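Student: One-letter residues, chain by chain:
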Amino acid sequence: MAKAIKQIRRIEVSEEEKRANDLREIEDALIDNKDALLETLNVVGGMKERGILSLLNGLFGEGDRVLKVLVELLNVPENTAALKNLMLLVGAAGKINVQDLEPLLLKVNAGIENVAEHGEDAKKTGYLDLLRTLKDPEVNRSLTLLITFLKGMGKDTEHEEKVNDKSTPSENRQDI
Amino acid sequence: MQDSIQVVINGKSVAVSKEQSVLQALNENNLDLPSVCYHPSLGAIETCDTCMVEVNGEIVRGCSTNLSNGDNINTTASHVKQAQDIAMDRILYNHELYCTVCDYNNGTCEVHNTVKEMKMNHQSIPFESKPDPVDNSNPWYRYDPDQCILCGRCVEACQDVQVTETLTIDWERERPRVIWDNDVDINESSCVSCGHCSTVCPCNAMMEKGMEGEAGLLTGIQQDTLRPMIELTKNVETGYNSILAISDMESAMRENEIKKTKTVCTYCGVGCSFDIWTKGRDILKVEPQVEAPANGISTCVKGKFGWDYVNSEERLTKPLIREGDTFREAEWDEALKLISSKFAEIKKDHGSNALSFISSSKCTNEESYLMQKLGRSIIGTNNIDNCSRYCQTPATVGLFRTVGHGGDAGSIKDIEMSELVIVIGSNTSESHPVLSTRVKSSHKLHGQKLIVSDLRKHEMAERSDLFIRPSSGTDLVWLSAVTKYIIDQGWADEAFLKDRVNGLDEYIASLEKYTMSYASEVTGIDEAELIQIAEMIHEAKTTVALWAMGVTQHSGGADTSTAISNLLLVTGNYGKPGTGAYPLRGHNNVQGASDFGSMPDKMPGYENVTDEKVRDKYEKAWGTPLPEEVGLNNHEMVEHIHEGKLKAMYLKGEDMGIVDSNINHVHAAFEKLDFFVVQDLFLTKTAEFADVVLPASPSLEKEGTFTNTERRFQRLYQALEPLGDSKPDWQIIMEIANEMGAGWDYSDPSEIMTEAVQLADMFAGVSYERLEGYNSQQWPVAANGTDSPLLFEDEFPFPDGKARLFPVEWTQPLQFDDEYDLHVNNGRLLEHFHEGNMTYKNEGIKSKTPNTFVEVSPELAEERGLTDGTLVRLTSPYGAVKIKCLVTDRVQGKEVYIPLNDTDDAAVNLLTSSKADKDTDTPVYKELKAKMEILKDKGTSPLPKINHRNGNPQPQKGVMVERKWARKDYIFPGDMVTKEAINYGKSH
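The listed protein sequences correspond, in order, to chains A and B. Numbering follows the UniProt record's numbering, in which position 127 of the first sequence is assigned residue number 127; successive positions increment by one, without gaps. Numbering follows the UniProt record's numbering, in which position 367 of the second sequence is assigned residue number 367; successive positions increment by one, without gaps.
Quick caveat, the hints were computed from the structure, so don't treat them as lab data. Values in this document were obtained by computation on a predicted structure and should not be read as measured data. Hints may be right or wrong, so weigh each one.
[Stated by the list, open to error] Here are some, though not all, of the chain B residues that point toward chain A, as calculated from beta-carbon distances under 8 Å:
| id | residue |
| --- | --- |
| 1 | L232 |
| 2 | E688 |
| 3 | F689 |
Even glycine gets a Cβ: it sits at the ideal position worked out from N, Cα and C.
Assemble the whole structure, with the sequences as input and the hints as a guide.
Tutor: Listed below in structure tokens is the structure:
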């Protein structure tokens with residue numbers, strides 16, 4: 001005769017047994033990962049020395065609060081603009097053709113050097129001086145270069161732009 | 001090629017298949033066209049306008065424009081792109097892009113992917129918030145109007161696929177949005193929480209709550225930090241390319257954390273398969289797949305959201321051994337040794353037949369196979385059965401008599417395409433929800449006709465073209481009368497009968513007494529309606545019959561099933577697409593449990609245990625002698641325990657103490673057992689009687705195969721590790737067998753299947769490789785892997801290949817004394833599975849449907865003074881229940897209905913008898929009468945206001961995009977660019 005019963009006596013794992021089991025598990029993990037752990041300890045030691053640990057501790061301890069402050073800080077107009085500029089600059093840097101730029105930069109450097117040397121002379125330049133200097137092969141080369149540059153700059157590059165908020169044609173606007 | 005036409009795509013001449021849209025043709029040729037609202041399972045919805053394309057010089061929607069020979073298509077012209085951009089801009093005006101911190105950023109967001117694909121860098125119309133807040137009222141999914149792009153996929157799915165007809169888009173308000181019923185909170189609506197809307201939503205507007213704050217690496221951030229973070233992401237964005245790249249990286253990182261596993265649902269016989277997303281043991285969501293063979297994108301509330309039980313704290317995690325009046329947790333070793341020694345002792349003292357085995361229709365094919373192998377080969381008894389004895393065995397017998405295979409004649413697709421569906425004794429939309437959607441949809445959209453025969457006006461009845469309510473247990477009579485009328489009118493399929501069917505003359509003679517007037521008298525149905533049924537069958541080119549427990553759980557259950565099959569044979573409705581007999585299997589593996597031999601008279605593949613050749617085959621393979629005589633079915637087992645002949649039982653995955661009939665009698669039997677082993681997830685009512693309870697693992701924690709109602713094998717993969725010390729059933733059975741010296745060494749379920757299919761010819765070509773992923777096979781499966789989606793195309797599996805008409809007589813249902821004046825019907829509810837051991841573990845389901853109730857008719861309520869919440873006692877000759885009333889016109893007169901989801905005072909099987917179908921011993925659950933007394937006049941309604949049955953559906957076809965187009969502020973993008981192009985022409 002087996003009547004319906006509902007009561008269950010659980011296997012009681014004593015605190016000591018549980019502790020022993022947990023310790024064994026940890027021990028196994030330590031041995032399995034010996035090399036990685038020893039190396040990690042070195043890294044952690046270094047972090048402790050330089051105070052990074054306490055910094056991280058604070059960050060994780062108050063994760064959501066810190067994150068909120070950070071996000072709010074980043075979210076003020078100057079900072080979003082800075083972030084935006086940064087991303088744009090990174091994008092722009094990628095587009096600069098450094099190979100072609102190098103000779104140009106060398107020339108700019110030479111120009112700067114020249115100004116540094118003779119900039120303080122403050123000698124006036126008249127119209128005739130100007131025409132005369134065109135004959136100077138160095139000046140002529142510079143001007144030709146600049147004119148070529150100006151030509152290129154005038155080309156339509158709108159289609160390549162990333163920042164473009166111009167169009168809000170109101171007739172396109174629909175509530176659907 | 002006849003099926004192809006020649007068109008020009010972007011200047012190149014291409015051959016494409018006929019009768020498809022521009023979008024499909026482009027996809028076929030690997031050309032991209034944006035298509036945000038298009039979904040392969042929903043077709044063209046035409047709301048998003050992103051698929052703008054030029055055909056013969058005119059800009060049109062690619063999704064809804066069909067191609068003709070010679071068409072010229074342009075997808076690359078700048079004004080085409082411009083039109084697409086305008087459409088996408090309108091979408092982004094409605095959807096805030098914050099992908100990196102969005103839970104839906106999992107690689108499948110259509111908005112994200114389309115922005116990327118279109119190389120959009122900024123939007124012309126800035127996003128603007130909608131006036132309504134997020135609707136979080138439903139337990140399982142949320143709607144965020146601010147993320148909703150108004151594509152209407154959810155509405156299409158709700159109206160035309162699921163056909164619950166709850167969702168619409170209110171196109172006329174200033175900022176349109178999706179609304180529920182007539183604009184109420186989700187939880188107050190008629191929404192059945194089937195999950196279709198969140199499955200098809202292209203973005204995060206309609207999202208499963210399990211995903212919220214879980215899916216993303218950054219999405220778990222508190223709301224007050226998340227909001228500034230969204231603002232920040234948006235402010236910093238320098239064009240979408242860089243933002244999308246970051247979110248793509250984040251999305252890729254998520255894959256490391258989230259595991260997606262294909263599994264098969266365990267809540268009914270339809271066999272829905274889907275991916276389940278898990279993170280650790282947490283279930284994030286269920287993601288149905290278009291390629292899932294039975295269900296596609298469809299699910300019901302249980303399959304989509306009902307998996308909480310897997311992580312329930314009530315799960316058993318260690319074996320339990322009875323000690324006095326408590327169970328003691330034990331280690332496996334001790335439990336196995338105890339079981340083995342007890343089994344051996346009882347076998348020695350009382351013989352093999354003193355032991356019995358009950359397999360589960362929730363477990364896998366492999367587990368059913370091992371259970372019967374344990375019983376037959378190790379113990380030496382055929383006392384093995386499964387719970388199909390409680391439901392569909394009569395249908396199987398009816399089909400064996402007439403057509404030779406005990407399974408559905410075709411696939412769900414055949415039901416979907418049939419011209420006429422006859423539903424008999426099946427509450428399909430609650431018991432087989434996803435299958436019913438195919439009927440509801442075909443009926444709503446494609447002119448399919450629907451006849452329903454039932455006591456109760458359930459949803460299928462509400463939707464039917466003809467609904468009859470015959471007296472309980474008389475279906476055989478009207479079926480036979482309609483068959484006779486069809487033959488008398490000369491409407492029988494003479495050619496089919498001549499070429500493919502035996503026994504016509506004898507059968508016609510047996511029909512003589514089933515005249516229309518006799519049928520009308522017995523069933524209470526007008527002759528005119530019966531004639532109408534005959535006419536509808538005659539007029540339909542194809543007919544299918546669906547039936548379930550309303551037919552089988554009667555004294556003449558097998559005979560009525562036979563009568564259905566006879567009717568189909570006479571009208572030639574077998575062996576061609578859109579025809580056949582469909583006994584709807586109730587549990588995920590009712591079909592497979594029997595297929596793999598958990599039956600007292602059949603080996604796997606339905607070969608007789610009494611056949612010496614069959615036994616020889618298995619004796620050689622298993623290396624042990626096998627019992628020769630037919631064993632006990634589970635109904636007989638109970639009687640044999642009472643008679644003292646059966647001493648031990650090993651039962652897995654079945655709460656027999658609740659779901660068998662006359663459970664007082666069953667409990668008394670359990671108490672008499674010398675040794676009782678129960679294997680389950682929980683300490684069920686049945687397990688409370690056990691001597692040893694073994695903790696099993698559910699479907700998500702193991703591998704194997706299930707066979708659905710379509711005879712379809714499908715694989716399930718392991719999503720989670722077994723909880724605690726629980727184990728998959730196949731492992732437990734193997735360990736018991738090995739403890740008894742069997743020496744089995746299956747290392748995984750595929751090895752069990754390999755052994756089984758080598759022995760059972762019917763499944764010869766079934767293999768795990770062929771079932772990989774979403775692949776499936778429908779038996780019989782030939783050795784080369786060819787399967788059989790549609791049965792009987794060439795012949796019936798009898799020696800001469802012909803079907804057999806099988807004469808049957810009507811059996812009068814069980815009679816009760818006059819004092820038992822109420823007929824008690826019983827069955828399932830949509831949201832609970834069976835007795836509710838699994839579904840009551842879900843807080844959402846509990847909040848919407850906390851307990852069972854008795855449905856009483858308005859007439860009876862009036863007569864007895866009952867209201868919603870009146871507590872009554874119903875008493876039958878076998879027992880009594882205490883239960884609350886719910887007044888509804890789903891039932892009429894003195895007919896009441898009790899859903900079977902209770903394991904306590906309201907369990908309907910406290911009332912049912914031990915009487916059974918004369919041919920199969922299936923209990924006559926449906927032949928039950930009781931008397932009523934009122935215990936407490938007034939009380940709260942047993943059905944909360946937030947139950948979907950109190951909702952107010954709004955039927956319409958699809959999303960009604962015409963209403964969007966009729967808005968004053970709507971201009972077709974194609975028209976805008978055409979105009980501009982002309983302008984440009986003038987000014988440039």
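Student: Each hint should be assessed against the structure and marked as holding or not.
Tutor: Hint check results:
At a threshold of 8 Å, the smallest CB-CB gap from L232(B) to chain A is about 5 Å, leaving the interface hint in force. The beta carbon of E688(B) is positioned within 8 Å of a beta carbon in chain A (closest approach about 4 Å), and the interface hint is therefore held. Because the closest C-beta pair between F689(B) and chain A is about 5 Å apart, less than 8 Å, the hint holds.
Against the hints set out earlier in the document, no violation occurs for any number.
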